[in-house]
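S.K.: Between the sequences and the hints, there should be enough to build the whole structure, so can you do that?
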Amino acid sequence: MTQKFHRLKICFVTVTLSDGGAERVASDLSLYFESQGIQVYHVVFSGKIEYNYAGKLFHLEHLKDKRNSWWSRSKRFFALKKFFRENHFDCVIDFRTKEYFLQELIIHNFIYPKFIQTVHNYHLEHYFNKSKILTKLMYLNCVEFISVSKAIQKKVTADYGYNNSGLIYNPSNFKQTKIDSNEFLNFNFEFVVAAGRMHKNNVKQFDVIIETYAKSILPSKNIKLVILGDGELKDDFIDLSIRLNMEDYVIFEGFVSNPFKYYKNALFLVMASKFEGFPMVIIEALSCRLPVVTWDFNSGPSEIIKSMENGILVENYNKEKLIEAMNLFVTDNNLYLHCKENAVSSVKQFGIENIGNEWFNVFDKLK
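Quick note on numbering: my numbering labels position 334 of the sequence shown as 429, and the sequence is numbered without any gaps.
No wet-lab data here; the hints were simulated from the structure.
Honestly, I wouldn't trust all of these hints.
Claimed, not checked - PhoX-like, lysine-lysine: derived pairs with alpha carbons at most 20 Å apart:
hint	residue 1	residue 2
1	Lys273	Lys356
2	Lys250	Lys369
3	Lys273	Lys359
4	Lys193	Lys209
5	Lys359	Lys310
6	Lys310	Lys209
Everything numeric in this text was worked out from a predicted model, so none of it was measured.
M.R.: In structure tokens form, the structure reads like this:
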């Protein structure tokens, strides 16, 4: 890092420091930025602190009472305002979605200094109001939008007219991934893997993955499906596997702190999401030499997967093609080994050092 960034003062704003992909990016970037001499702070609105992070933490959860009363909200408002007034950050980067317009209007315009908004989801309603006028009011202090995929960047510009929309992919810490992937996994069977949260909106569509797996040739070859993740729909997915007579073949591991040891030992990763922002699980899998079979959903897979080179990109919402792709990786060993061989090199550009340098270019423009 050049001397001009020494003692730069950066603040990340997140809802939690656990569970989510955006939160993982904030924690990983904080570790890298601190290693480069940048002062890092975190404002966390609520929830758990489970990810490793660097820098100082201001956790608003501690000012919240059980009823989340107006008094409690007022305390958090004035504490947050004081925090930003006293710290004089060079850059504030907000990783949160925007569920409550009035709250965000106040935070953006009466608490934040100038800030950067990251956009991690292809469904822009998580960040922007339906009214373009109200959206403009909410983002008066936003100096740049950073989208995590080309598809999102294009949509931000096309739908809302923001030309100050940059592109920086989510980073991956490949050094730590290599360490974590070498942890012992006590499995004595072949398996494919799927991973993600099992929320009520069913974005990851594990039901589709279970159904297509059941119709593939994998069970007949005693290749099991291991699912990593937890959430409200987990019992529904377990029931589905029982109804399909797959209870001995679909293994639910729940939430795991180290998914990388599963990626290293699996045959391939399967994804069938409704939508994503930039699916880090694909990057993480490939970095463990794990090829990927995925629907070409919005957004991200087509920017990572080169079909028949590091995985198989399948027509979106086509279950039959998904089954064919899973079967192909089992029956065509030459194709499978070719994709496995290319996996790691195909994601080198997403390393934390490369992505960190792209953020430095953004900071340079703000100076």
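S.K.: Decide, hint by hint, whether the structure agrees.
M.R.: Each hint tested on the structure:
no.: 1; hint: Lys273 / Lys356; result: holds, 9 Å
no.: 2; hint: Lys250 / Lys369; result: holds, 17 Å
no.: 3; hint: Lys273 / Lys359; result: holds, 9 Å
no.: 4; hint: Lys193 / Lys209; result: holds, 17 Å
no.: 5; hint: Lys359 / Lys310; result: violated, 25 Å
no.: 6; hint: Lys310 / Lys209; result: violated, 53 Å
Violated hints for the displayed structure, listed by number in ascending order: 5 and 6.
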